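The sequence shown begins at 0 in numbering that gives the first Met the number 0 and counts up one residue at a time.
Read the hints as simulated data drawn from the structure, not as lab findings. Keep in mind the model is a prediction, meaning the values are calculated, not measured. Just to be clear, a hint being listed does not mean it is correct.
[To be verified] List of simulated lysine-lysine pairs, DSSO-like, C-alpha gap at most 30 Å:
| # | residue 1 | residue 2 |
| --- | --- | --- |
| 1 | Lys-103 | Lys-137 |
| 2 | Lys-202 | Lys-137 |
| 3 | Lys-21 | Lys-40 |
[Stated by the list, open to error] Label pairs and their calculated CB-CB ranges:
| # | residue 1 | residue 2 | range |
| --- | --- | --- | --- |
| 4 | Ala-95 | Pro-30 | 14 to 22 Å |
| 5 | Ile-15 | Gln-39 | 35 to 43 Å |
| 6 | Asp-11 | Ser-222 | 40 to 48 Å |
| 7 | Ala-80 | Lys-21 | 49 to 57 Å |
| 8 | Lys-23 | Leu-91 | 54 to 62 Å |
| 9 | Thr-5 | Ser-31 | 24 to 32 Å |
| 10 | Asp-68 | Pro-24 | 51 to 59 Å |
We put the CB at the ideal spot given by N, CA and C, even for glycine.
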Amino acid sequence: MMLSVTKTDNLDAKLIAMYGEKMKPDIYKIPSLDIQRLRQKRTLLRQFKKQLRMLLNVQESFLALPKVDHTANKALKKTIAFIEKQIQELNLDIVAVTRNEFSKQLDHLTSIKGIGNGVATELIMATGGFEYFNSAKKFAKYIGVCPSYQQSGTSIKTKGIITRHGDSELRSLLYVASWSAIRYNTPCRELYERLKIKGKPSKVALMAVINKLLREAFAVIISNTDYIDNYTCSTE
């Protein structure tokens, strides 16, 4: 910031104060104790999943060997079984805590066709129980699923590429959710088909579906009602 070549505590404090004065950022909201608990469980769950993938790769590599050591293979299988059990228990625990503390939000979100317990729980954690964001557009920017546009002279001109900011695992979950949405969620399916007819690539159309799902998610939370597929406003 300010291209400063000197870094001290006093100078950093001055620069932070200057940033606050010029940019006037929103006051930081400390996550609730429930959100903190859920995020700790999520962090541990993701670490277990990474370890499981690594161990499964090791197990597969053993299959290519002429002879597998019995003791090593036994220890590997035992560890894999243990981690799989921990993942299962953590998943159930996360859903249970979310159900206990955010039951209405969970019910409203899972009423949307394409959003299950896993995605709904991740959305609740990422939004702080929908306290940090007041619109789907801001949240889409935060997690990096909104399209970007870059232009400089005539040599650089890109459009439609997502920013990829924020939580990559949440983006992956939403991407998978979009597959279900284009099958069972009427507005999402119609949006996807309309974009495909216009010649848009499948990934671009699916990103549009993800943004549609986020708008539906914020709509049911803000209105405090369950989702109604293909709902139309009354003109009366």
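Evaluated hints:
1. Lys-103 / Lys-137: holds (23 Å)
2. Lys-202 / Lys-137: This hinted pair holds, its Cα atoms lying about 21 Å apart.
3. Lys-21 / Lys-40: violated (37 Å)
4. Ala-95 / Pro-30: 14 to 22 Å: holds (19 Å)
5. Ile-15 / Gln-39: 35 to 43 Å: About 28 Å separates the Cβ atoms of Ile-15 and Gln-39, which means 35 to 43 Å is violated.
6. Asp-11 / Ser-222: 40 to 48 Å: Cβ of Asp-11 to Cβ of Ser-222: about 44 Å, so the range 40 to 48 Å holds.
7. Ala-80 / Lys-21: 49 to 57 Å: Between Ala-80 and Lys-21, where Cβ atoms are some 55 Å apart, the hint holds.
8. Lys-23 / Leu-91: 54 to 62 Å: violated (43 Å)
9. Thr-5 / Ser-31: 24 to 32 Å: Violated - the Cβ-Cβ distance for Thr-5 and Ser-31, about 39 Å, lies outside 24 to 32 Å.
10. Asp-68 / Pro-24: 51 to 59 Å: Roughly 57 Å apart at Cβ, these two residues keep to the hinted range, so it holds.
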